[in-house]
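**Student:** Using the sequences provided together with the hints, build the complete structure.
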Amino acid sequence: MRGFPEYFTIWHIAGHYALRLMAYLVLGFLILPILVIIPLSFNAEPFFTFTQGMLALDPDAYSLRWYEEIVTDQKWTLAIRNSFIIGVAAAILATVLGTVAAVGLASPWMPFKRLITALLLSPMIVPLIIIAAGMFFFYTNFGLVGTYPGLIIAHAALGVPFVIITVTATLAGFDRSLFSAGLSLGASPVKVFWDVVIPLIRPGVISGGLFAFVTSFDEVVLVLFLAGPEQRTIPRQMFSGLREQINPTILAVATLLVVLSMALLVTLEILRRRSERLRGAG
Amino acid sequence: MPNTDDGVFLKFDEVKKSYDQKNLVVKGFNIAVEQGEFITLLGPSGSGKTTVLMMLAGFESVTSGTISIRGQSINKTAPYKRNIGMVFQNYALFPHMTVAENLGYPLSVRGVAKAEQRKRIAEYLDLVELGAFGNRYPGQLSGGQRQRVALARAMIFEPTLILMDEPLGALDKKLREQMQYEITRLHEQLGFTVIYVTHDQAEALSMSNRIAVFNDGVVQQCAPPAELYERPANAFVAEFIGENNFIEGTVDRIEGGRAVTTIPGQGTVTAEAAEGLSAGAPCVVSIRPEKLFIHPTSHAHDNEITAKFVARIYVGDFIRYYFRLENGSEIVVKVLNDLSAPEFGEGEDGRLQWLASDCIAFPHPGEMPDVAG
Chain A
28 MRGFPEYFTI WHIAGHYALR LMAYLVLGFL ILPILVIIPL SFNAEPFFTF
78 TQGMLALDPD AYSLRWYEEI VTDQKWTLAI RNSFIIGVAA AILATVLGTV
128 AAVGLASPWM PFKRLITALL LSPMIVPLII IAAGMFFFYT NFGLVGTYPG
178 LIIAHAALGV PFVIITVTAT LAGFDRSLFS AGLSLGASPV KVFWDVVIPL
228 IRPGVISGGL FAFVTSFDEV VLVLFLAGPE QRTIPRQMFS GLREQINPTI
278 LAVATLLVVL SMALLVTLEI LRRRSERLRG AG
Chain B
3 MPNTDDGVFL KFDEVKKSYD QKNLVVKGFN IAVEQGEFIT LLGPSGSGKT
53 TVLMMLAGFE SVTSGTISIR GQSINKTAPY KRNIGMVFQN YALFPHMTVA
103 ENLGYPLSVR GVAKAEQRKR IAEYLDLVEL GAFGNRYPGQ LSGGQRQRVA
153 LARAMIFEPT LILMDEPLGA LDKKLREQMQ YEITRLHEQL GFTVIYVTHD
203 QAEALSMSNR IAVFNDGVVQ QCAPPAELYE RPANAFVAEF IGENNFIEGT
253 VDRIEGGRAV TTIPGQGTVT AEAAEGLSAG APCVVSIRPE KLFIHPTSHA
303 HDNEITAKFV ARIYVGDFIR YYFRLENGSE IVVKVLNDLS APEFGEGEDG
353 RLQWLASDCI AFPHPGEMPD VAG
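Top line first, the protein sequences correspond to chains A and B.
Taking this note's numbering, the leading residue of the first sequence gets 28, the next gets one more, and so forth.
Taking this note's numbering, the leading residue of the second sequence gets 3, the next gets one more, and so forth.
Everything labelled a hint here was simulated from the structure, so no lab data went into it.
Short derived list, chain B residues pointing at chain A, Cβ under 8 angstroms:
| # | residue |
| --- | --- |
| 1 | Ala59 |
| 2 | Phe61 |
| 3 | Ile86 |
| 4 | Gly87 |
| 5 | Phe90 |
| 6 | Phe159 |
Every residue gets a Cβ at the ideal spot worked out from N, C-alpha and C, and that includes glycine.
**Tutor:** Quick look at the structure:
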């Protein structure tokens with residue numbers, strides 16, 4: 028360990044360790060509720076607590092029965108399928124719209140830039156419950172309540188701000204003369220966009236898309252308002268699972284979601300490093 | 003060939019540019035460029051030279067007038083259909099492509115077969131002496147190497163016209179001189195036409211066939227380097243190209259292309275008369291520091307003035323003397339560093355002598371040009 032500077036008094040040193048302790052406590056407070064569900068999800072009994080057998084590390088006290096239930100229970104398989112269909116579709120829609128919007132907003136000739144940016148980012152700021160209520164009444168006019176397209180559009184609207192933010196950030200480092208260079212070499216504007224602009228902003232596009240996916244994946248308020256029984260997603264199923272039938276299936280699902288989130292985080296970090304390397308090289 | 007003017011390749015005809023519909027950035031640019039010429043647009047920043055280049059490349063629209071190549075107007079041709087190579091100041095290499103992929107891009111856009119592409123890439127990499135660097139990314143190259151790649155990329159699709167926008171601005175002095183030589187060599191070897199933009203006059207003088215000197219949206223003079231230096235058309239060019247001394251006076255009379263001028267407190271000085279000079283009008287006589295000699299000297303002379311010595315600065319291969327006239331204007335004299343370089347005491351008078359054919363009298367530009375230096 029690093030030595031303390033010589034001028035440190037006993038109080039400096041005490042303060043140093045106190046700060047450390049606080050930091051670890053905060054980290055523990057944040058992470059323990061998430062970690063504790065992982066062993067509980069392997070519980071052999073339908074309880075939310077650690078059994079005697081589990082504490083004694085008896086192999087018989089552990090089982091995969093709740094994971095089996097996820098794959099066999101039709102309610103859960105439907106919810107998982109719905110979550111992925113809606114999440115992926117909404118993410119693709121949000122990525123395309125958000126990327127195009129960000130490229131447009133980055134143009135020096137774009138009028139009303141601030142106003143349009145504020146409007147596009149508003150779904151991040153306006154309380155979800157208000158968006159949900161508004162959409163519910165708006166959608167009834169078009170028969171979109173209780174349909175897949177309705178939910179996908181709603182979730183895409185929530186995801187667009189994330190894509191705009193990440194793509195705008197990568198575009199900030201984009202040298203516009205690269206575009207001119209592409210044109211001077213004989214490529215049409217559309218071709219230059221695909222060959223030069225897209226590869227260089229790809230990290231921002233992908234991470235924006237992942238954010239949009241995650242936003243849709245754990246969203247429950249809009250689903251409560253807009254989804255029919257056919258469109259139940261994982262969070263919606265967990266929500267009713269908690270209230271109707273308390274069993275550790277929810278914990279098993281939660282564990283899978285934690286694993287998925289971690290995978291996404293790692294992906295984002297890898298993308299970020301790649302983008303930094305490319306820009307540093309540029 | 004469908005051209006109207008014989009031998010004219012590129013032509014600007016009364017080209018004007020305005021960004022705000024009120025002020026003209028380029029006020030009627032005319033030039034006729036022959037195939038294979040190296041033309042430099044030289045001028046201070048904001049003089050309109052880059053705007054001319056951007057209009058030629060198609061990145062800026064032309065407000066009025068015509069730009070034509072081989073007699074065909076290109077005003078309405080999209081930038082990517084002009085087939086004009088361009089080297090950018092910041093290189094503008096695609097960072098996600100290797101050097102070879104950068105060079106291959108204009109070829110694949112034009113549908114050149116893969117095998118032919120590889121051959122051409124290897125050929126042009128050799129041409130810019132980067133044969134072993136095809137698989138590197140631009141980020142792994144030095145500034146000079148990147149500039150060579152940018153040059154090769156602008157040449158590889160064999161455009162007849164290559165534009166260069168201050169391509170050496172980001173390089174250090176030594177590398178810049180090396181690249182100047184490189185560009186000149188490639189230009190002579192491959193015979194393409196170059197339009198080169200710079201604010202560095204040494205670069206312009208050493209590389210170009212002709213230089214168009216810009217100021218305030220107007221071409222002040224368009225001439226070969228030697229003519230520009232020896233016979234500047236007006237006081238701006240005389241001041242902008244190289245170093246010049248300016249002595250204020252009044253024109254007495256003009257006879258046989260020479261002006262006899264009265265310099266207050268000095269007597270008369272005979273000079274070549276520039277265009278627009280009239281008897282009785284105020285004028286400035288410009289004379290290069292290296293054409294001035296300090297008495298005693300063995301050089302022939304027609305003119306002589308007396309000035310107070312201010313300072314003597316040792317530069318190495320030559321010595322710079324600063325003198326001051328009675329009206330306060332400064333005179334610089336460059337003397338070769340040999341035994342004839344005299345010593346002066348503070349405030350002593352020096353007699354400066356020169357030939358009438360080495361100085362030019364211009365109409366007074368209103369305000370005194372700054373003494374370059």
